[in-house]
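Colleague: Using the hints, position chain W against chain X.
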Amino acid sequence: MIDKELINQLEQLAKKIRVDIIRTGYLAGKNGAHFGGSLSPVEILAVLYSCFVSFDKNDMEHRDRVILSKGHAALAHYCTLYECGIMTKADLDSFEQNGSDIVAHAKRNLSRGLDFSGGSLSLGTSYSVGVAHACKRKGLDNHIYTLIGDGEMNEGLIWEALMFAGHNRLDNLTIIIDHNHLQADGTIEEVMNTAPLEDKLKAFGFDVIQVDGHSVSELYEAFSQQPNGRPMAIIAETVKGKGVSFIENKAKWHHSSLNEARYQKALKDLGEEVENG
Amino acid sequence: MNVQQYAGSGQAAAIFGMYLPDHIEEYPNVQVLSADMSVAASLDRFIYQSPEKFTELGIAEQNLVGISAGMASEGYTCVAVAQAAFITMRAYEMDRQYLGYMQNKVILVGLNSGFYLQYFGNTHYCIEDLAIMRQIPGMTVLSPADAAEAVMAFEAALNCPGPVYIRLTGGSQAPTVYHETCPFTIGKNNILRESQDVCLFTTGACTGYSVQAVEILSQQGIETRLVDVHTLKPFDTESVREAKNCKLIVTAEEHNIVGGLGTTIADILAEDGGYPPLLKLGVKDRFSKPGDYDYVMHQHRLSPNLIAEDIKNKLQSL
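Quick mapping for you: the protein sequence lines, in order, are chains X and W. Note that our numbering has the first sequence beginning at 1, numbered continuously upward. Note that our numbering has the second sequence beginning at 1001, numbered continuously upward.
Note that these hints are calculated values from the structure, not bench results. The beta-carbon is built from N, C-alpha and C at its ideal position, and this holds for glycine as well. Every clue listed holds true.
Residues from chain W that face chain X, not an exhaustive set, calculated with beta carbons under 7 Å:
1. Gln1062
2. Asn1063
3. Ile1067
4. Ala1069
5. Gly1070
6. Glu1074
Straight-line Cα separation of at most 25 Å, SDA-like style, residue types lysine to any residue; simulated pairs:
7. Lys1053(W) <-> Asn168(X)
8. Lys138(X) <-> Cys1160(W)
9. Lys136(X) <-> Gly1162(W)
10. Lys138(X) <-> Ser1038(W)
11. Lys200(X) <-> Glu1056(W)
12. Lys1053(W) <-> Asp64(X)
13. Lys1053(W) <-> Glu61(X)
14. Lys136(X) <-> Thr1077(W)
15. Lys138(X) <-> Asp1022(W)
16. Lys138(X) <-> Pro1028(W)
17. Lys138(X) <-> Leu1158(W)
18. Lys136(X) <-> Arg169(X)
19. Lys268(X) <-> Asp93(X)
20. Lys136(X) <-> Leu1158(W)
21. Lys107(X) <-> Pro1137(W)
22. Lys57(X) <-> Gly1075(W)
23. Lys57(X) <-> Asn109(X)
24. Lys268(X) <-> Asn249(X)
25. Lys15(X) <-> Arg262(X)
26. Lys138(X) <-> Ile1047(W)
27. Lys138(X) <-> Gly1075(W)
28. Lys107(X) <-> Gly1138(W)
29. Lys1280(W) <-> Gln1196(W)
30. Lys30(X) <-> Phe246(X)
31. Lys138(X) <-> Glu1052(W)
32. Lys1289(W) <-> Gly1171(W)
33. Lys1312(W) <-> Arg1301(W)
34. Lys1280(W) <-> Lys1314(W)
35. Lys202(X) <-> Ile1059(W)
36. Lys138(X) <-> Glu1026(W)
37. Lys1053(W) <-> Thr1077(W)
38. Lys89(X) <-> Arg23(X)
39. Lys1312(W) <-> His1298(W)
40. Lys107(X) <-> Thr1077(W)
The following block holds chain X by itself, in its conformation from the complex (with noise of 0.2 Å):
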């Protein structure tokens, strides 16, 4: 069970990086950044690499390995390595500078943490499960995390990804869905359903746990659940934009750009001092 300090921290963890997400995305300027799908994995990142995510750099090959098929939200997955040390503050300041890597959709780059260069959706999916499979093959015993958008899952490949983890048993492999009901054209439920999910991802062969993606001890206890010869399904319930009030819910801030104004009150919604200037 996870005690009380620890989803304390974890919450104040949660924080710290979505104001990172809020800071590196303004300082983005006219560039703008994803905001609406950055925000809602955030509780999934900080829990993952806390807890559970082992990442020594003097021993990469034993490593776990983090995807993010959902390559738009790069920009929460640099704040969260930023936050437990594995990327610089200069690595997070080049956010979206010209010549830089670190942009919109991440580069691989081992030393960063960055395991995949994302971006286009459903790639990373069917990357991480070669991945688990080599990684199998190669007898380690570490485990792959890989986080998947629910709009990606409209994607093709990630059904045949996921045929291959099942009928493979790959238990080194955890999948978490993000799944915030919203893609750039609207809703999931209007746009195209993915409905009734846990049945389709059991009918794949993967065992499934739901739990509201926003609760770190739900998370934690989900995490916690030992493979049982079968890969693992997080379903995640989470709300697109979570934390800022004017983000929440809305699909125009899937990408955009934060004004001054905006901005201020993004940190107040956040429960952060607001900055003069």
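Modeller: Quick look at chain W alone, frame taken from chain X:
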């Protein structure tokens, strides 16, 4: 390498049925993945011998490339096997991102390219792969002439850095071009015949037909320099410059003339300037009427007598 043993085999059978099982101990990191094509590719012996080095994907070419790339990122050299039309066209974006952009070491082997699938028709013909695969930065593109050269290309692909596409054409009936061992260097074309009248560049199984075509021309007093372009990328530009003093440069390919070997050479001629005219033989940007291999090649004027006839007519028109 003793190449005689491969004569009379199809290209895939020589690579996967003979060379790979014979030599797998030299390549401890190699993994082979197939999109329901292991039987067609003659992989049975290899799978029996090394089941821990094989992965079956089912009919899922996009996932084939994704899984291969994921495995390659873990240090394996992956050989992904599927029909040429599907591993290049259906999985094109995966080829571009996972292999070109991310530089994962995967060798894509496209089976039955060109017209080899005969009565299967246009869905299974593949006359676009050279054009699109050479568009991917960092991708090596190989197109061997016969079974022996296919094995040499495969061996070179295993030993070179970066991703590779190998286009397999022709079948066991295709003419043998290499009867004895010769050097194979990626990016260095093989000159099969020397002359200064006409220079014919060709690639894949069309090379065997071109050998026969230059024999016909020779009987008619026209001597041809014949170049086997086994590497479309990186391209051997120097071998084109060596043709500057010919009366005519010709390309013959079992491929659309848009974007393939002819286009590659046209680009070099246009940039350098001062060359003789270029005659591009191949598929004139259209779909085919299905039939047996010779029927379809004849339809696109790629049979030996028609290659010879078109070259002769062009020469006389100059």
